[in-house]
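One-letter residues, chain by chain:
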Amino acid sequence: MFGGLRERLQAARARIGSSIQAAAAPPKEHGEAPGLPAQPLPSSATFADKVKTFVIDGELIITDRELADALSDLEMMLLESDVALSVTDAIIGHVKRDLVGRHRRIGQSVDTLVVGTLRAALLDVLGKGFDLSDYIRSHERPVKILFTGVNGTGKTTTVAKVGAFLKKQGFSVVIGAGDTYRAGAIEQINVHAERIGIKIIQHQQGADPSAVLFDAVQYAVSHKIDVVLADTAGRLHTKANLMNQLEKIRRVMKPDLIVYVDEAVAGNDAIVRAAEFDKTVGADAVVLTKADMDSRGGAAISIAHTIGKPLMFLGTGQAYDDIMPFSPHAVVEELLGDG
Amino acid sequence: MEQIDQREMLTLEHYLKEYGQQAEIFAGQLELLENGRMEALAAIEALQGLLQSGDGTVLLQIGGGASMRAQVLEPEKVLVNIGADVIVERSNKEAVEFLQDRVTEMAASEKKVAETLDRLRTQMNEIARRIEQGYQQAVQAERAAQPSSAPSDQDA
Chain A
249 MFGGLRERLQ AARARIGSSI QAAAAPPKEH GEAPGLPAQP LPSSATFADK VKTFVIDGEL
309 IITDRELADA LSDLEMMLLE SDVALSVTDA IIGHVKRDLV GRHRRIGQSV DTLVVGTLRA
369 ALLDVLGKGF DLSDYIRSHE RPVKILFTGV NGTGKTTTVA KVGAFLKKQG FSVVIGAGDT
429 YRAGAIEQIN VHAERIGIKI IQHQQGADPS AVLFDAVQYA VSHKIDVVLA DTAGRLHTKA
489 NLMNQLEKIR RVMKPDLIVY VDEAVAGNDA IVRAAEFDKT VGADAVVLTK ADMDSRGGAA
549 ISIAHTIGKP LMFLGTGQAY DDIMPFSPHA VVEELLGDG
Chain B
751 MEQIDQREML TLEHYLKEYG QQAEIFAGQL ELLENGRMEA LAAIEALQGL LQSGDGTVLL
811 QIGGGASMRA QVLEPEKVLV NIGADVIVER SNKEAVEFLQ DRVTEMAASE KKVAETLDRL
871 RTQMNEIARR IEQGYQQAVQ AERAAQPSSA PSDQDA
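Chains as they are written, first to last, in the numbering used here: chain A, 249 to 587; chain B, 751 to 906.
Chain A on its own, in the form it takes in the complex:
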């Protein structure tokens, strides 16, 4: 997953590291400074400050100029990985703030410094993720989750995968077959529900999806079910009538969470669409499917920062188990780790 982005970030890590190393190679006679903590030095540090630090404390100050080329490379690498411009700017800004003007103790590993900075910058844009199990535990049941998104991104399969995930976590689940538009959609979700052993509420094809999902909620209330997963038909955000239908579903069903589903491989398009859906019907969290096919990782890195909504799950294959709760720390480890 995100192999291309990983390669690029590893290259950026080496590039920034060698820039610091080349510009700040310590003179041998100073040796390591005795146990002083590295403190950021304001960018307004005067020449005298720098010399003082360099001579007295045996430390080096990393300057803007030394990093300029490496940061420019990092910027290009991120953009080439489809990381949104605003997110790229945020990462570069973070790295710059963190490194420029910083005292680097002689002997301190440059790589550790760079990895630490990149890690913090990525975690900053990735947000905190969204723990669905925690959310369900801390809210009144049934928790109603409405899935929205454009056509063909794997919404129905995601509903089934999330259902299987929640069932494994010990929650009782009912699925509302709210995609009454697409031919075969009800059949599809029916088969999924049967395979994972989850009750499904369905009407005929062409029925009002609001009515189906209302029934699903009523069923959950009367049977003390923990979670209602509401599937809906895929739609483009530009189709006003379909978006109005979604708005009606929202009014009738009163979901606790609206989850926007899109595919990671769509890159920047997924971000633009998510923002549009958020504007029209709202979105509380995002699921990105087909992350295993996405080498660039741009959408996964950018979506939380760009639309301000957390990434909840990543779909990583065809099986029901192929869904992983999005953990910013795990993703950053995968991107920057040595393994």
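Accuracy of the hints is not assured; some may be wrong.
[As the list claims (entries may be wrong)] Keeping only pairs whose Cα atoms sit at most 30 Å apart, straight-line, the calculated DSS-like set for lysine-lysine is:
#1 K447(A) x K767(B)
#2 K527(A) x K496(A)
#3 K376(A) x K502(A)
#4 K344(A) x K376(A)
#5 K415(A) x K767(B)
#6 K502(A) x K415(A)
#7 K767(B) x K416(A)
#8 K827(B) x K843(B)
#9 K767(B) x K487(A)
#10 K487(A) x K527(A)
#11 K527(A) x K376(A)
#12 K447(A) x K496(A)
[Stated by the list, open to error] Residues from chain B shown here face chain A by an in silico Cβ test under 7 Å; the list is partial:
#13 H764
#14 E768
#15 I775
#16 I832
#17 G833
#18 A834
#19 V836
#20 E855
#21 S859
#22 K862
#23 E892
Think of the hints as simulated: they come from the structure by calculation, not from any bench. The beta carbon of each residue, even a glycine, is placed where N, CA and C say it ideally should be.
Use these hints to put chain B onto chain A, whose structure you have.
Same frame as chain A, now just chain B:
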């Protein structure tokens, strides 16, 4: 031979349909990737050709099958969409290198999608085989249920 009941046959048919839909989506994705790679390869060829052509004259397609001769003012400078809808100016050589990297990336993605598609098709073949087997069993069971001494024409 393992017996397949009516209910299992129905489920298998649903699976087959669902896998078919998934396969269609992946096939579409594969086509998109392939088109993207071909486009990038054509762009590489055009950029390299422009440098070799000397005066930078190209045929500009204006639609309806009509083209005009046009001259590229700066064949050395190329505007490239590098991702995230960001367009940067690159030298011809840099643009070619960038596109070559993209081609490699897309080829790797194509390989992954093709592998997934292959897996899906294998599963579909297996399901189709099971359905066929169930159908044959049903036909045989029906034949066996018919009375063995059916009246012949001669008895009439």
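Original post:
Taking the closest Cβ pair, is E768(B) under 7 Å from chain A?
Top reply: holds, 5 Å
Original post:
Are K502(A) and K415(A) close enough, with their CA atoms no more than 30 Å apart?
Top reply: holds, 23 Å
Original post:
Under the criterion that the straight-line Cα-Cα distance not exceed 30 Å, is the pair K767(B), K416(A) satisfied?
Top reply: holds, 27 Å
Original post:
With 7 Å as the cut and Cβ atoms as the points, is E892(B) at the interface with chain A?
Top reply: With a closest approach of 27 Å, the E892(B) hint is violated.
Original post:
Taking only the CA atoms, is the gap from K527(A) to K496(A) under or equal to 30 Å?
Top reply: Holds: K527(A) and K496(A) sit about 15 Å apart, inside 30 Å.
Original post:
Given the hint that K827(B) pairs with K843(B), does the C-alpha gap stay at or below 30 Å?
Top reply: Answer holds: K827(B) to K843(B) is near 9 Å, not above 30 Å.
Original post:
If you draw a straight line from the CA of K344(A) to the CA of K376(A), is it 30 Å or shorter?
Top reply: holds, 22 Å
Subject >> 30 Å Cα cutoff - pair K487(A), K527(A) >> reply: Roughly 14 Å between the alpha carbons, so the hint for K487(A) and K527(A) holds.
Original post:
Does K767(B) lie within 30 Å of K447(A) when you go C-alpha to C-alpha?
Top reply: Given pair K447(A), K767(B) holds - Cα atoms ~21 Å apart, limit 30 Å.
Original post:
Per the CB criterion, is G833(B) less than 7 Å away from chain A?
Top reply: Holds - the Cβ of G833(B) comes within 7 Å of chain A, reaching about 4 Å at its closest.
Original post:
Does K447(A) pair with K496(A) here, judged by a C-alpha cut-off of 30 Å?
Top reply: Holds. K447(A) to K496(A) sits at ~24 Å (cutoff 30 Å).
Original post:
Hey, K527(A) versus K376(A), does the alpha-carbon distance stay inside 30 Å?
Top reply: Holds, at about 22 Å.
The structure fails to meet hint 23 from the earlier list, while all remaining hints are met.
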